[in-house]
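Student: Protein chains in written order, with this note's numbering: chain A, 1 to 386; chain B, 1 to 386.
Think of the hints as simulated: they come from the structure by calculation, not from any bench. The reader is advised that the hints may include incorrect statements.
Any copy will do: because identical chains look the same in the list, a pair fits if it lies in one copy or spans two.
[What the hints assert, rightly or not] Taking lysine-lysine pairs in the BS3-like style, the calculated list, with each CA pair at most 27 Å apart, reads:
hint, residue 1, residue 2
1, Lys224, Lys268
2, Lys41, Lys268
3, Lys41, Lys257
4, Lys177, Lys271
5, Lys271, Lys257
6, Lys311, Lys275
7, Lys304, Lys268
8, Lys231, Lys360
9, Lys224, Lys13
10, Lys13, Lys304
11, Lys360, Lys257
12, Lys268, Lys13
13, Lys363, Lys177
14, Lys177, Lys231
15, Lys13, Lys311
So you can see what is in the structure, the chains are spelled out below.
2 protein chains.
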Amino acid sequence: MRGVAIIGCGMTKFGRREEDLVELLAEASLRAIEHAGVSDKDFDSVYVGNMMAGELVHQTAIASSLVDRINLAPAAAERVENGPASGASAFKNGLLAVASGAADLVLAAGGEKMTAADTDVITDLVSTMTHPIAEYVHGVTLPAMAAMLARLYMERYGLTERHLAMVAVKNHTNGMKNPYAHIQRLCTVEGAMSSGVIADPIRLYYACPISDGAAAVVLCPLEKAREFTDKPIRIAGFGHATDVQTLQEREDPAVLKSVKIASQQAFKMAKLTPKDIDVVELHDAFEILEIVQSEDAGFFEKGKGHLAVEKGVTALDGELPINPSGGLKAKGHPVGATGVAQITELVWQLRGEAGERQVKDPKRAFACNFGGFGNNTVIHILERAW
Amino acid sequence: MRGVAIIGCGMTKFGRREEDLVELLAEASLRAIEHAGVSDKDFDSVYVGNMMAGELVHQTAIASSLVDRINLAPAAAERVENGPASGASAFKNGLLAVASGAADLVLAAGGEKMTAADTDVITDLVSTMTHPIAEYVHGVTLPAMAAMLARLYMERYGLTERHLAMVAVKNHTNGMKNPYAHIQRLCTVEGAMSSGVIADPIRLYYACPISDGAAAVVLCPLEKAREFTDKPIRIAGFGHATDVQTLQEREDPAVLKSVKIASQQAFKMAKLTPKDIDVVELHDAFEILEIVQSEDAGFFEKGKGHLAVEKGVTALDGELPINPSGGLKAKGHPVGATGVAQITELVWQLRGEAGERQVKDPKRAFACNFGGFGNNTVIHILERAW
Numbered sequence: 001m002r003g004v005a006i007i008g009c010g011m012t013k014f015g016r017r018e019e020d021l022v023e024l025l026a027e028a029s030l031r032a033i034e035h036a037g038v039s040d041k042d043f044d045s046v047y048v049g050n051m052m053a054g055e056l057v058h059q060t061a062i063a064s065s066l067v068d069r070i071n072l073a074p075a076a077a078e079r080v081e082n083g084p085a086s087g088a089s090a091f092k093n094g095l096l097a098v099a100s101g102a103a104d105l106v107l108a109a110g111g112e113k114m115t116a117a118d119t120d121v122i123t124d125l126v127s128t129m130t131h132p133i134a135e136y137v138h139g140v141t142l143p144a145m146a147a148m149l150a151r152l153y154m155e156r157y158g159l160t161e162r163h164l165a166m167v168a169v170k171n172h173t174n175g176m177k178n179p180y181a182h183i184q185r186l187c188t189v190e191g192a193m194s195s196g197v198i199a200d201p202i203r204l205y206y207a208c209p210i211s212d213g214a215a216a217v218v219l220c221p222l223e224k225a226r227e228f229t230d231k232p233i234r235i236a237g238f239g240h241a242t243d244v245q246t247l248q249e250r251e252d253p254a255v256l257k258s259v260k261i262a263s264q265q266a267f268k269m270a271k272l273t274p275k276d277i278d279v280v281e282l283h284d285a286f287e288i289l290e291i292v293q294s295e296d297a298g299f300f301e302k303g304k305g306h307l308a309v310e311k312g313v314t315a316l317d318g319e320l321p322i323n324p325s326g327g328l329k330a331k332g333h334p335v336g337a338t339g340v341a342q343i344t345e346l347v348w349q350l351r352g353e354a355g356e357r358q359v360k361d362p363k364r365a366f367a368c369n370f371g372g373f374g375n376n377t378v379i380h381i382l383e384r385a386w
Numbered sequence: 001m002r003g004v005a006i007i008g009c010g011m012t013k014f015g016r017r018e019e020d021l022v023e024l025l026a027e028a029s030l031r032a033i034e035h036a037g038v039s040d041k042d043f044d045s046v047y048v049g050n051m052m053a054g055e056l057v058h059q060t061a062i063a064s065s066l067v068d069r070i071n072l073a074p075a076a077a078e079r080v081e082n083g084p085a086s087g088a089s090a091f092k093n094g095l096l097a098v099a100s101g102a103a104d105l106v107l108a109a110g111g112e113k114m115t116a117a118d119t120d121v122i123t124d125l126v127s128t129m130t131h132p133i134a135e136y137v138h139g140v141t142l143p144a145m146a147a148m149l150a151r152l153y154m155e156r157y158g159l160t161e162r163h164l165a166m167v168a169v170k171n172h173t174n175g176m177k178n179p180y181a182h183i184q185r186l187c188t189v190e191g192a193m194s195s196g197v198i199a200d201p202i203r204l205y206y207a208c209p210i211s212d213g214a215a216a217v218v219l220c221p222l223e224k225a226r227e228f229t230d231k232p233i234r235i236a237g238f239g240h241a242t243d244v245q246t247l248q249e250r251e252d253p254a255v256l257k258s259v260k261i262a263s264q265q266a267f268k269m270a271k272l273t274p275k276d277i278d279v280v281e282l283h284d285a286f287e288i289l290e291i292v293q294s295e296d297a298g299f300f301e302k303g304k305g306h307l308a309v310e311k312g313v314t315a316l317d318g319e320l321p322i323n324p325s326g327g328l329k330a331k332g333h334p335v336g337a338t339g340v341a342q343i344t345e346l347v348w349q350l351r352g353e354a355g356e357r358q359v360k361d362p363k364r365a366f367a368c369n370f371g372g373f374g375n376n377t378v379i380h381i382l383e384r385a386w
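The shape of chain A in the complex, shown without the other chains (with noise of 0.2 Å):
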């Protein structure tokens, strides 16, 4: 397999958006070739991470639309879904687009407009990626898969609701530092756990905003990036794994296999280990999910994710952090965009450019963008190729 760098990135602000769909593609895209250098070269390929933009902006081919509208054709162009893991699954066709030989210079973007439409709708639509008879048409959202799990984590680990709290506290404080976040507020632990109940053991705070906004970037061969930056980040390796739809099906409820499975695989084809990691995204939908996502990603032992969280070893300064980004938890999750925006984040950070939230000397990240509710996962390990 040919060899693959990130040669540039760029993200539009998360949050409330005036602009269409496409119009925050098309900024998130442009900044990414300015970035990378290459505005005078001919695209090959475009790959657009988005979940719902049929169901909510009443749009389709709004890959071919982004190509039209930043002047990239005669570029292949596709859509990819694939829940919220679309943005990664959107990076890593675009990589392997490149890792084959078929493509040169490709962009990977991902971009969802969501705040326009009421909350119900949203909950509903994200719902529908559950399974449609054993699930969907019971009303388990995901917000109650969330619950379940946090509450199986209570019982079985001692996980308290104070953890929960701990972690959007870190994600807040981290997005405090990022002017790309949706929430730019700080919050306490006392002021998460008086937050609203959504679905008892979650309240408000322990789960993400509904967001628009869009992430993209540039892939080249990795023999070539040199020629367009002097910073290329090299994908290292990646995973992608699914595991059976329904929560009840699954052997541990309490573990999320295709994270497992994915990560594994990442490790393996990067020759990596967890402990060679410096900073890493994880898919904080709901903060339970950081904490389980960090341990069956390999990073601590099963059970004892919040206590990391307690002792600060995720924190911005500490020996591990996660989602120095604010995650989606702050930073926000325009569901299509998120995958790509964690690439974006891990890109900045390798390369020292992630301002006051930057974590000291990163050789390596890691990025976990997760689809379904555990089922179908996607991981991607980047290093500095300098």
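Dock chain B against the given chain A, drawing on the hints supplied.
Tutor: Using the frame of chain A, we list chain B on its own:
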């Protein structure tokens, strides 16, 4: 780039189906897996082409659902959407996954469930792939675009309505021999020409029906294909190109530039010319498109495609059979399925498994799947590898 082969394929009957979308995808996939003789093997990756699952059947992340339904976890899984070219885009990305070395066994499926919705809803949803501001909001539908193209061809090249009817008659005749075809009914030139007008000069019989259905193929490295079948089909070339989105901005609205560029890419990669092709599947969502694509793909001189139809060149027993399956016109057009169904038909043709509609001893085949109204085209060239 590592060589890639198709080792098996399958599809459902197209038409009005009672089964849900994932069930249709499962039926086609299991047939393809059985045809490939890999029922006991672990798949690395699953790609699903689909345009409108969220909008039409209120289900997202259907690739995860398919993997679950047919027990392929932990295979990677994602859905690819590229308007009506979603099927070929899914296939292409499956091909790249194998070509890159990332995957050794890939399922590429495509499907759509459409007949439960009103025709108005379908017409509107399909139109959401047009330019949101320059086209969609003004009520331009796909039949209207086809009508404008047909009219231009009449004025510029002497096309008559009778030629559109001839394409329909040919495709209905072929469809009668295809047990998977939605429409199993002969039609006459006079019958077609007396059907109702949809958008002048497009009549009902110059347009494809609305269908449910799915198709699937199994891909593996060419070097391993012989382990599974004596009749592997090699992907000799592919191309994928976009054009500006709005009709009004095209250099020449009578030229499907994305078809032209993508075809040239595919022929260049395959080191072949149009003369080397023995059987062709084109995207006749409207019969005018079969004529125009046959020219822009390079099979006939510009403005002469309708004369080839008139002379019987494109008939099943002609020099260059086009749409032996019955095409979208008679086989049906479950949108996301079409690109994969085209490839399925060509695999059967190349392997000599096409029954009554078998073209005489074809060695190389060409498929054109058309996204948007000519602004996103995916081409594949297949050939016997034995």
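Student: Could you run down the list of hints and mark each one as holding or not?
Tutor: Against the structure, the hints:
For a Cα distance limit of 27 Å, the shortest separation of Lys224 from Lys268 qualifies both inside one copy, at 25 Å, and across copies, at 24 Å. Taking CA atoms no more than 27 Å apart as the test, Lys41 paired with Lys268 passes between copies only; the shortest distance there is 22 Å, against 34 Å inside one copy. Only between protomers do Lys41 and Lys257 lie at most 27 Å apart by alpha-carbon distance; the minimum there is 20 Å, versus 41 Å within a single protomer. When the C-alpha separation of Lys177 and Lys271 is checked against a cutoff of 27 Å, the pair qualifies neither within a copy, at 33 Å, nor between copies, at 54 Å.
Taking the closest pair of Cα atoms, Lys271 and Lys257 come within 27 Å of each other only inside a single copy of the chain (21 Å); across copies the shortest separation is 45 Å, beyond that limit. When the C-alpha separation of Lys311 and Lys275 is checked against a cutoff of 27 Å, the pair qualifies only within one copy, where the shortest distance is 18 Å, while the shortest distance between copies is 70 Å. Within a single copy, Lys304 and Lys268 get their C-alpha atoms as close as 23 Å, which meets the 27 Å cut-off; across copies the closest is 56 Å, which misses it. In this homomeric assembly, Lys231 and Lys360 come within 27 Å of each other (Cα to Cα) only inside a single copy, at 16 Å, whereas the closest approach across copies is 57 Å.
Neither within a single protomer nor between protomers do Lys224 and Lys13 lie at most 27 Å apart by alpha-carbon distance, with minima of 30 Å and 47 Å respectively. In this homomeric assembly, Lys13 and Lys304 never come within 27 Å of each other (Cα to Cα): the closest approach is 34 Å inside a single copy and 52 Å across copies. For a Cα distance limit of 27 Å, the shortest separation of Lys360 from Lys257 qualifies neither inside one copy, at 31 Å, nor across copies, at 50 Å. Within a single copy, Lys268 and Lys13 get their C-alpha atoms no closer than 35 Å, and across copies no closer than 42 Å, so neither meets the 27 Å cut-off.
Taking the shortest Cα distances, Lys363 and Lys177 sit within 27 Å of each other inside one copy (21 Å), while across copies they are farther apart (62 Å). Taking the closest pair of Cα atoms, Lys177 and Lys231 come within 27 Å of each other only inside a single copy of the chain (23 Å); across copies the shortest separation is 59 Å, beyond that limit. Taking the shortest Cα distances, Lys13 and Lys311 never come within 27 Å of each other, neither inside one copy (31 Å) nor across copies (60 Å).
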